[in-house]
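Enquirer: Each chain, letter by letter, is given below.
Protein chains: 2
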Amino acid sequence: MSLAAALLAGPSAAQRRAIAKAITLLESTRPDHRLQADALLTELLPHTGKSFRLGISGVPGVGKSTFIEALGLFLIERGHRVAVLAVDPSSSLSGGAILGDKTRMERLSMDERAFIRPSPSSGTLGGVADKTREAMLVCEAAGFDIVIVETVGVGQSETAVAGMTDMYVLLQLPNAGDDLQAIKKGVMELADLVVINKADLDWAAATRAQAQIGSSLRNYGHSGRQASHPHVLQVSALKSTGLAEFWAAVDLYRQEQVTSGGLEAKRRAQAQDWMWERIHSGLRQQFADAPAVRALLPEITAQVLQGQLAASTAARQLLNRFLETFKHA
Amino acid sequence: MSLAAALLAGPSAAQRRAIAKAITLLESTRPDHRLQADALLTELLPHTGKSFRLGISGVPGVGKSTFIEALGLFLIERGHRVAVLAVDPSSSLSGGAILGDKTRMERLSMDERAFIRPSPSSGTLGGVADKTREAMLVCEAAGFDIVIVETVGVGQSETAVAGMTDMYVLLQLPNAGDDLQAIKKGVMELADLVVINKADLDWAAATRAQAQIGSSLRNYGHSGRQASHPHVLQVSALKSTGLAEFWAAVDLYRQEQVTSGGLEAKRRAQAQDWMWERIHSGLRQQFADAPAVRALLPEITAQVLQGQLAASTAARQLLNRFLETFKHA
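Keeping their order, the protein sequence lines are chains A and B.
Note that UniProt numbering has the first sequence beginning at 1, numbered continuously upward.
Note that UniProt numbering has the second sequence beginning at 1, numbered continuously upward.
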């Protein structure tokens, strides 16, 4: 049976192996693997897009794993199949801050209705996000109807995850200083829903944080959310309270997005943005890898830093050298 | 006399003509002009960098022209030579929202110690910013010791101007709604100094805005500014009050930046960023202009939007086509 056929054949141990094998193929840097991966993706594509794609972000310590495990168990009990993927641009350095630890989400990972995959460790955020998007398509083709993409609240990974999911949820601690940090970084504006997690730590603080963040969101005039949604929810993953309310809010959002056509429009825009992001990233990589550029770059950069060459002139010289290489190849 | 020699020969009517001619050369899209312009820039470069580069931004109606004219007159009376340039990415569409109207800054534009140039209208923000940076170098070589770069508070032009100046000043109206807008757009974080302009409209409101913005800036923990600087000042350009305090704040900032080495480090980083921005922009342009890409793009884009082709696969196909063109050229 071909890999695609095994993926599309329905839940089984063979399908699980096929998913793992397909994702490994997608993450390979070998050119022949890449050709196979592209062929596989094109074959799978008509079977994708039927899941709801949920992005979940939060700083380390906010309790993402516990929250996602509780949510995953909640969802599989209700008949869903849940895939959990991660985008962690630091994973190649740290050996995997997210999901690298095999003992995390122990109960969920042992359930055959769930599939959990740690972050690819291919270095740049663009590369990591690219592999995760492709892994998401594989999981969708295999019939997982909820795909959760997890990311840490650092750098630009939130933007990447918001750009590949249907709904983006930000987890917060019941702590005002933390809230201001999030507002500062503009992450709040990406969020379709904010969850005060670990509300059991301090219910009074959680309620204050809920009011504060709700007020901030109103001031900031968040555009992607209708008035009918609860902007901010309290959840205690530890005590499994608030999960039903959380999922009701997600489901309401999803229904509105489907009905309004917003979901389809968003996915089309995301696909086009993704294509251009990969093109531009590929161009930069080709440029940086070109031997002629590598030979010239240190000298040119030194001249720019020493004020001997205008930056725009330097850029033109390097670009011309890059393009000439191809002409003479 | 060569163009470079005329630029470096000191203030005269001939120098003014040389500056205008040089900037026109820089803005030309003819390849032979571009080669001449690059040669000129390289010749001028050792004579640049001696001015203080001041960015001034604010939404339409905030009174930028009146403020800059008053500031320019204040400075030339104190022995400075002042160049005023503009970055307006909309100018190619609107015919020039900034400085397009020749009657603006009438007194300053008639003074031979000042040089005023409207925004280049080359379309993209990157292109406009590029030409303005180059024009700045020409003005510096010609001995202007204060270069003011003006921009409207729209889109990414603030980031571009903050990235080419030593100090970035944001003009605000005495109006709280407006302040929140600016905070939302993240412009506040770029600002080294905020000026409540037209304070005479409503002194009480101006004082409230000053307190509010000062508080926001402290909350946001602006990193580029020392505690010794006044974060927010009130100015009435109409009544010429506050200009001396404004200039004292600018001068204090400048001295600290020079002494700490921060100015030199910032300019080196700006030059390097500028080079890479131009390289990446040039790569994107080459790609978009390539006939092979233009022929393939509509079909590939349609396949991505219809979900027939994964965006990452589409990007690889287009990139391969682009690079093959060069190999076969």
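Mixed in with the good hints there might be a few duds.
[What the hints assert, rightly or not] With beta-carbon atoms standing in for the labels, derived distance ranges:
#1 A/L201 / B/D289: 37 to 45 angstroms
#2 A/D273 / B/W203: 42 to 50 angstroms
#3 A/G123 / B/A265: 26 to 34 angstroms
#4 B/Q285 / A/A292: 17 to 25 angstroms
#5 B/L238 / A/R294: 32 to 40 angstroms
#6 A/E43 / B/D289: 53 to 61 angstroms
#7 A/D32 / B/E324: 27 to 35 angstroms
Because the hints were derived from the structure by calculation, they are not lab data.
Beta carbons are placed, not taken as given, at the ideal position from N, Cα and C, and that holds for glycine.
Enquirer: For each hint, tell me whether it holds in the structure or not.
Expert: Against the structure, the hints come out as follows:
The hint said 37 to 45 angstroms for the Cβ distance between A/L201 and B/D289, and at roughly 57 angstroms that hint is violated. At about 47 angstroms, the beta-carbon gap between A/D273 and B/W203 stays in the expected band of 42 to 50 angstroms. A hinted range of 26 to 34 angstroms holds for the C-beta pair A/G123 and B/A265, which are about 28 angstroms apart. Between B/Q285 and A/A292 the beta carbon distance is about 19 angstroms. The supplied range of 17 to 25 angstroms therefore holds.
A hinted range of 32 to 40 angstroms for the beta carbons of B/L238 and A/R294 is inconsistent with their spacing of about 57 angstroms. Remark: the range hint 53 to 61 angstroms for A/E43 to B/D289 is contradicted by a beta-carbon distance near 33 angstroms. Restraint check, A/D32 to B/E324: a C-beta distance of roughly 18 angstroms breaks the suggested window 27 to 35 angstroms.
Checked against the numbered hints given earlier, this structure breaks hints 1, 5, 6, 7; the rest are met.
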